[in-house]
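Participant: Sequence:
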Amino acid sequence: MRKRDEPVVWDSRLRTARGSLFERLIADEEEISPPQNIDLLEAKVNSIKRHLAKLLNARAGASAATPDLGLVDFNLSSVATNDLTQHIAASIRQCIEKYEPRVQVRSVHFVRDPDRPLELRFKATLLMPALSQGEQVQIDILMKDGHVAHIV
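Residue numbers (this note's numbering): 941 to 1092.
One or more of the hints may lead you astray.
Computed list of lysine-lysine pairs in BS3-like fashion (alpha-carbon distance at most 27 Å, straight line) [claimed, not checked]:
#	residue 1	residue 2
1	989	1063
2	1063	994
3	1084	1038
4	989	1038
Just the calculated beta-carbon pair ranges, DEER-fashion [unchecked claim]:
#	residue 1	residue 2	range
5	1069	1024	16 to 22 Å
6	1084	990	31 to 37 Å
7	1037	981	30 to 36 Å
8	1024	1073	18 to 24 Å
9	1030	1055	34 to 40 Å
10	1015	1073	37 to 43 Å
11	997	1045	16 to 22 Å
12	1030	1082	14 to 20 Å
13	1067	1007	24 to 30 Å
14	1006	1058	16 to 22 Å
15	1063	994	17 to 23 Å
16	979	1041	19 to 25 Å
17	1004	981	33 to 39 Å
18	981	1002	29 to 35 Å
These aren't lab readings, by the way, just hints derived from the structure by calculation. Ideal Cβ placement from N, Cα and C applies to all residues, glycine included.
Full structure from sequences and hints, please.
Facilitator: Here you go:
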């Protein structure tokens, strides 16, 4: 364990790969050093997934400061049943485009699973332009009871 007054110097690329600003602040407060054998792409994707889970579980209108943060209420009577999946996909896309600056959204679409007809599963194709190759990443979003249950 290091003494409190000893300065710590971290590689900024590894530090950034840890995650969001708040995740890094928590690590600083708890004096957690970043792992040295971290895959930068994997760490960044995991950080984005954690942020998307929080973001997509928020409900539009719940925050007075940012009323459009989060997904819209899917129980709106103005949305026809056959358009519901398109409406949800559009809401997911809009939310990611506005509140996740590390990615560019290529597509978000509903994925029908005949074995699980009651599940709402969406696939988001995202481009991460900050990386040298501009990596394209696909993320599966599983929703249950109106909330994001799992992001893979």
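Participant: Take the hints in turn and mark each one as holding or not.
Facilitator: Hints and how they fare:
1. Annotation: proposed proximity of residue 989 to residue 1063 holds, straight-line Cα distance about 13 Å (limit 27 Å).
2. Restraint check for residue 1063 and residue 994: satisfied, since their Cα atoms lie roughly 17 Å apart, inside the 27 Å limit.
3. A threshold of 27 Å between alpha carbons decides the hint, and for residue 1084 with residue 1038 the separation of about 23 Å falls inside it, so the pair holds.
4. With a C-alpha separation of about 15 Å, the suggested pair residue 989 and residue 1038 falls inside the 27 Å cut-off, and the hint holds.
5. Under the hint 16 to 22 Å, the C-beta atoms of residue 1069 and residue 1024, about 32 Å apart, miss the expected range.
6. A beta carbon spacing of about 18 Å between residue 1084 and residue 990 contradicts the range 31 to 37 Å that was offered as a hint.
7. Remark: the range hint 30 to 36 Å for residue 1037 to residue 981 is contradicted by a beta-carbon distance near 21 Å.
8. At about 36 Å, the beta-carbon gap between residue 1024 and residue 1073 misses the expected band of 18 to 24 Å.
9. With their beta carbons about 26 Å apart, residue 1030 and residue 1055 fall outside the hinted range of 34 to 40 Å.
10. Distance hint check for residue 1015 and residue 1073: the Cβ-Cβ separation is about 41 Å, which falls inside the suggested range of 37 to 43 Å.
11. Between residue 997 and residue 1045, the C-beta spacing of about 18 Å keeps the proposed range 16 to 22 Å intact.
12. Checking the proposed 14 to 20 Å range against residue 1030 and residue 1082 shows it holds: the Cβ atoms sit about 18 Å from each other.
13. A hinted range of 24 to 30 Å for the beta carbons of residue 1067 and residue 1007 is consistent with their spacing of about 28 Å.
14. Residue 1006 and residue 1058 have their C-beta atoms about 31 Å apart, which leaves the hinted 16 to 22 Å range violated.
15. Our hint of 17 to 23 Å for residue 1063 and residue 994 holds, since their Cβ atoms are close to 20 Å apart.
16. Distance hint check for residue 979 and residue 1041: the Cβ-Cβ separation is about 22 Å, which falls inside the suggested range of 19 to 25 Å.
17. The supplied range of 33 to 39 Å is met by residue 1004 and residue 981, whose beta-carbon atoms lie about 37 Å from each other.
18. Between residue 981 and residue 1002 the beta carbons are some 33 Å apart, a value that agrees with the proposed interval 29 to 35 Å.
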